[in-house]
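Chains A and B, in that order, are what the protein sequence lines are. Read in order, the letters of the first sequence correspond to residues 1 to 348 in our numbering. Read in order, the letters of the second sequence correspond to residues 349 to 499 in our numbering.
Don't read these hints as lab results, they were simulated from the structure. Keep in mind the model is a prediction, meaning the values are calculated, not measured. Don't take every hint at face value.
Claimed, not checked - Listed below are several chain B residues computed to face chain A (Cβ distance under 7 Å; list not exhaustive):
id	residue
1	Glu373
2	Met377
3	Ala378
4	Lys401
5	Arg404
6	Tyr422
7	Ile424
8	Gly428
9	Pro430
10	Val433
11	Ile444
12	Pro445
13	Ala452
14	Val463
15	Arg497
Ideal Cβ positions, reconstructed from N, Cα and C, are used throughout, including at glycine.
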Amino acid sequence: MFIRTLLLLVVTQLIAATPLMAKSGEALFRQHCAACHGYDGSGGVGVPLTLPDFQYSVTDDYLRTTIRLGRPGRVMPAFPSLTDDDITQLVKYIRGWSYGKPYNYPDKPISGDVKHGEKLYMQYCAACHGQHGEGGQGTGVTFSRPRNLPIIAPALNNPGFLKAASDQFIKEALMNGRDGTPMISYRKHGLSEQDINDIVVYVRSFENIPLPLEQQPVESVEATMVFDSPYDLETTIKNIKEAAVGNNFRLIREQSLDYGLVEPEKENTKQRIVYFCNFSTLNKALAIDPRVGLFLPCRITAVEKNGKVKVYAINPKRLSSLFNNAELNKLCNEMSETYLSIIEDATL
Amino acid sequence: MKLPTSGCLLIAAFLLLFSPILQAEDLLMARVAATFPESMLKLQTVLKKNGQKLSRVQRVDIGLTKSGFKTDKYRIVFFGRPEEVRQISDQYPMLIPYLPHKIAIFAEEDETLLVAPNPEHLFVSDDPKLKAIIKRWHDDLVKIFHDMRED
Numbered sequence: 001m002f003i004r005t006l007l008l009l010v011v012t013q014l015i016a017a018t019p020l021m022a023k024s025g026e027a028l029f030r031q032h033c034a035a036c037h038g039y040d041g042s043g044g045v046g047v048p049l050t051l052p053d054f055q056y057s058v059t060d061d062y063l064r065t066t067i068r069l070g071r072p073g074r075v076m077p078a079f080p081s082l083t084d085d086d087i088t089q090l091v092k093y094i095r096g097w098s099y100g101k102p103y104n105y106p107d108k109p110i111s112g113d114v115k116h117g118e119k120l121y122m123q124y125c126a127a128c129h130g131q132h133g134e135g136g137q138g139t140g141v142t143f144s145r146p147r148n149l150p151i152i153a154p155a156l157n158n159p160g161f162l163k164a165a166s167d168q169f170i171k172e173a174l175m176n177g178r179d180g181t182p183m184i185s186y187r188k189h190g191l192s193e194q195d196i197n198d199i200v201v202y203v204r205s206f207e208n209i210p211l212p213l214e215q216q217p218v219e220s221v222e223a224t225m226v227f228d229s230p231y232d233l234e235t236t237i238k239n240i241k242e243a244a245v246g247n248n249f250r251l252i253r254e255q256s257l258d259y260g261l262v263e264p265e266k267e268n269t270k271q272r273i274v275y276f277c278n279f280s281t282l283n284k285a286l287a288i289d290p291r292v293g294l295f296l297p298c299r300i301t302a303v304e305k306n307g308k309v310k311v312y313a314i315n316p317k318r319l320s321s322l323f324n325n326a327e328l329n330k331l332c333n334e335m336s337e338t339y340l341s342i343i344e345d346a347t348l
Numbered sequence: 349m350k351l352p353t354s355g356c357l358l359i360a361a362f363l364l365l366f367s368p369i370l371q372a373e374d375l376l377m378a379r380v381a382a383t384f385p386e387s388m389l390k391l392q393t394v395l396k397k398n399g400q401k402l403s404r405v406q407r408v409d410i411g412l413t414k415s416g417f418k419t420d421k422y423r424i425v426f427f428g429r430p431e432e433v434r435q436i437s438d439q440y441p442m443l444i445p446y447l448p449h450k451i452a453i454f455a456e457e458d459e460t461l462l463v464a465p466n467p468e469h470l471f472v473s474d475d476p477k478l479k480a481i482i483k484r485w486h487d488d489l490v491k492i493f494h495d496m497r498e499d
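Please put together the full structure from these sequences, using the hints given.
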């Protein structure tokens, strides 16, 4: 009995000590946000969350909605599975970097001349935030660039942003700018308050313009492509290699599926992987989003079971949906086509 | 019946925001407050501790520095549970292209980032056995990433 109580005690202690259970704001931020925004919130893949002007101008609601909805297509994920309480803890934690009380907005929608706003937007904003408000190429400070390069302008036509940002919030960004970023104060740069109101109304009107095609979410497809091969295993593998080379890939290696996991003599030689790579595509993809290394190297697996040979590959189109990065979608579609054409060539 | 444009847009926006492919964390990520070589060593220890066997490590840095990419410290680490790889590839061949598991690991200045796809977002199934496998993969990865973040 005593031993059991003791055991129970030890177990409860262990559970209590597991940081996974402790849902403090800091723990949540470390788990869900720090990979992009940095442990200290100073930015990385994501924009910095610590800048005094940022802290001053955002409301708690803006932070809450941003975390919940993310920025579809702009790397920042949505977090639908965090509880309201988790989000409250996160917001509290982010507020820990604040220097004082945030600005208290009048919660009034802004009216103005949308046509005039459009003209000003094209003149003053489009160069950084894009013709359609789609944001600068890349996001945040991004891994592939040195930290001292300027922060990339966020997307203003993003449904997540527009949902989170009130008119007054947008106005505040324009009036004050964000010190320490390329976003300057347009009040100080000669625009009148009415000009700024007009621009706010124009930015708000992005809500009514359908997103450009490349920003739209990708359709959901199966994660795996499967094909029957009419050939035996050896011939199929030979064909895959030839087809890969014919499609401008370089062969990297061939191995069994369980290579390195079991003793060499126990490997299942009926499940074989062919790895190949195209360095120019690879470099292009990594420049857009370094996380695409996960696709690498390209690979097709041929399996013989009950005398029949099947060929398997990932579907890059499906994987692209994981990255929430619209700039990758085109490249991933191309990669899917390439995979298809290699497999078709090999199994024809 | 014709919906007014704003109605269509509202529906589109709704679908966009809440479509299943955008649910939760699609990629699991971790930042490790340690240099790349230290993190590589740590990853090997953590994998072992979590019952995983290392299959092999693939370098990806060929040509990376040449193309202006600011890190040449980039690897793909392949691993798995030997028995599981054998069983699963036999019973659920559509998982084959995702076996062995992999984690991309690369330097960001003096820190290191880890990325893996969230299996629960790649494979949605009603088959309770498959569901259990996918959940275990997910939990394994979450645990590994958790251990990597800890000092």
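Consistency of the hints with the structure:
no. : hint   : verdict
1   : Glu373 : holds, 6 Å
2   : Met377 : holds, 4 Å
3   : Ala378 : holds, 6 Å
4   : Lys401 : holds, 5 Å
5   : Arg404 : holds, 5 Å
6   : Tyr422 : holds, 6 Å
7   : Ile424 : holds, 6 Å
8   : Gly428 : holds, 6 Å
9   : Pro430 : holds, 4 Å
10  : Val433 : holds, 5 Å
11  : Ile444 : holds, 5 Å
12  : Pro445 : holds, 5 Å
13  : Ala452 : holds, 4 Å
14  : Val463 : holds, 5 Å
15  : Arg497 : holds, 6 Å
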